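Asker: First to last, the protein sequences are chains E and G.
Residue 60 in full-length UniProt numbering is what sits at position 60 of the first sequence, and the numbering runs on without skipping anything.
Residue 13 in full-length UniProt numbering is what sits at position 13 of the second sequence, and the numbering runs on without skipping anything.
These are calculated hints, taken from the structure and not from any lab test.
Each statement offered as a hint is correct.
Residues from chain G that keep clear of chain E, each with C-beta distances beyond 10 Å, as calculated:
# : residue
1 : L47
2 : M50
3 : A65
4 : T68
5 : A154
6 : D155
Each pair of labels, with its calculated beta carbon distance range:
#  : chain 1 : residue 1 : chain 2 : residue 2 : range
7  : E       : L120      : G       : G205      : 18 to 26 Å
8  : G       : Y142      : E       : L62       : 43 to 51 Å
9  : G       : V133      : E       : A73       : 39 to 47 Å
10 : E       : F129      : G       : P158      : 28 to 36 Å
Now the stretches of chain G that chain E is said to cover, found in silico as 3 or more residues with beta-carbon under 8 Å:
#  : segment
11 : 166-176
12 : 204-218
A quick note: this is a predicted structure, and the numbers were derived from the prediction, not measured.
C-beta atoms are modelled at their ideal positions from N, C-alpha and C, and glycine is treated no differently.
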Amino acid sequence: MRTRGAILLANIITGLALGYTVTNIGFGDFAELNRMFTFQDLRMFLSFTGAVAILVCAFALLRVRRTPGRIHAGVIPGAVLFGTGWAISGGCPAIPIIQVASGYLPALITIVGVIVGIRLCRWANARYFHLDRGSCGL
Amino acid sequence: MSTYWPWWAGAIGLALVTINHTLITDRSLGVSAAWDRVLHWRRERELERMDEEFADDQALVEALAAATAEHFGTGTGASTVPQEPYEKSQPLEANAESAASERPAATSLRPAPLVTQAALLISIFLGGFIAAVASGRFHLRYDMGPGFRHLVTADSTPMVAMLFVGGVLVGFGTRLAGGCSSGHGLSGCGRLRPVSLVATAVFFGTAVAVSFLLWKVI
Numbered sequence: 001m002r003t004r005g006a007i008l009l010a011n012i013i014t015g016l017a018l019g020y021t022v023t024n025i026g027f028g029d030f031a032e033l034n035r036m037f038t039f040q041d042l043r044m045f046l047s048f049t050g051a052v053a054i055l056v057c058a059f060a061l062l063r064v065r066r067t068p069g070r071i072h073a074g075v076i077p078g079a080v081l082f083g084t085g086w087a088i089s090g091g092c093p094a095i096p097i098i099q100v101a102s103g104y105l106p107a108l109i110t111i112v113g114v115i116v117g118i119r120l121c122r123w124a125n126a127r128y129f130h131l132d133r134g135s136c137g138l
Numbered sequence: 001m002s003t004y005w006p007w008w009a010g011a012i013g014l015a016l017v018t019i020n021h022t023l024i025t026d027r028s029l030g031v032s033a034a035w036d037r038v039l040h041w042r043r044e045r046e047l048e049r050m051d052e053e054f055a056d057d058q059a060l061v062e063a064l065a066a067a068t069a070e071h072f073g074t075g076t077g078a079s080t081v082p083q084e085p086y087e088k089s090q091p092l093e094a095n096a097e098s099a100a101s102e103r104p105a106a107t108s109l110r111p112a113p114l115v116t117q118a119a120l121l122i123s124i125f126l127g128g129f130i131a132a133v134a135s136g137r138f139h140l141r142y143d144m145g146p147g148f149r150h151l152v153t154a155d156s157t158p159m160v161a162m163l164f165v166g167g168v169l170v171g172f173g174t175r176l177a178g179g180c181s182s183g184h185g186l187s188g189c190g191r192l193r194p195v196s197l198v199a200t201a202v203f204f205g206t207a208v209a210v211s212f213l214l215w216k217v218i
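Bound-form chain E, shown alone (with noise of 0.2 Å):
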């Protein structure tokens, strides 16, 4: 079992190197993000599709654990709204973050904004879809 602190280090040192990489990668420009979903450039698709590639290599080799999931009736409408936001706004949850970061202040909207639509997500899910989402964070 891996330790608090070690834990702690990982992510201190994963968030380092994630908004390091993300906004080297240029995922904080909207111009660069819409190339890349219009297929207009396609660095940025082959970076994602790269990484992929590679960690379905190595997760292989290295036996890493299955985490669970299953697809549950909120995947798909969850993925279509949270492909709209993205593409309008810019920001997927780490994004509106390196923007800020590289100076983009109207980003801190995109955060309110996504911090109101967490908090909505739990609190209508307890009222309504009572869905057991799992956690991407297994």
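Dock chain G against the given chain E, drawing on the hints supplied.
Answerer: Positioned in the frame of chain E, the structure of chain G alone reads:
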């Protein structure tokens, strides 16, 4: 010429970050999950405290046995060894093996401590700031750049509205789908989890459709 990293450097960078996180923490990398837990920190802290109280499985079993004995008034004269029908039906050796192999998985299924996930979000900011300053791209501005101005809106009030609505959709959608581009996209697709493959195809496909609308139609 783009000043951003070439595709192969980006791919290696993203893969190394994810592999490093997975190997050290024995958990998936998930930024939206970190957001979710940090934003509901009171409830999550409470759950963590309860989890810590029962961190030792034996303590949990004993506490349950004591509570059961108290509830049914069987007293302490009853066997202190918990009766577990599932385990009783298993051969003893299989039992020992099963316990040995299941225990690490069970402990690693607990979410990462709350403070470590807050540290992840803060570190993403610091990493992004270092990258922006080091590459000379840091520039304080009150707009989202020429791309957003041309494709979405150049006016400040609609910009605020679009960013807010977009943010709400991202927050709500990622939590409803159970993950985002890091949790489903990298960690989940890397493990070839069906739910992550479906979620990634759908959110990427939707983003492609909406981006084409912004580019060609609106």
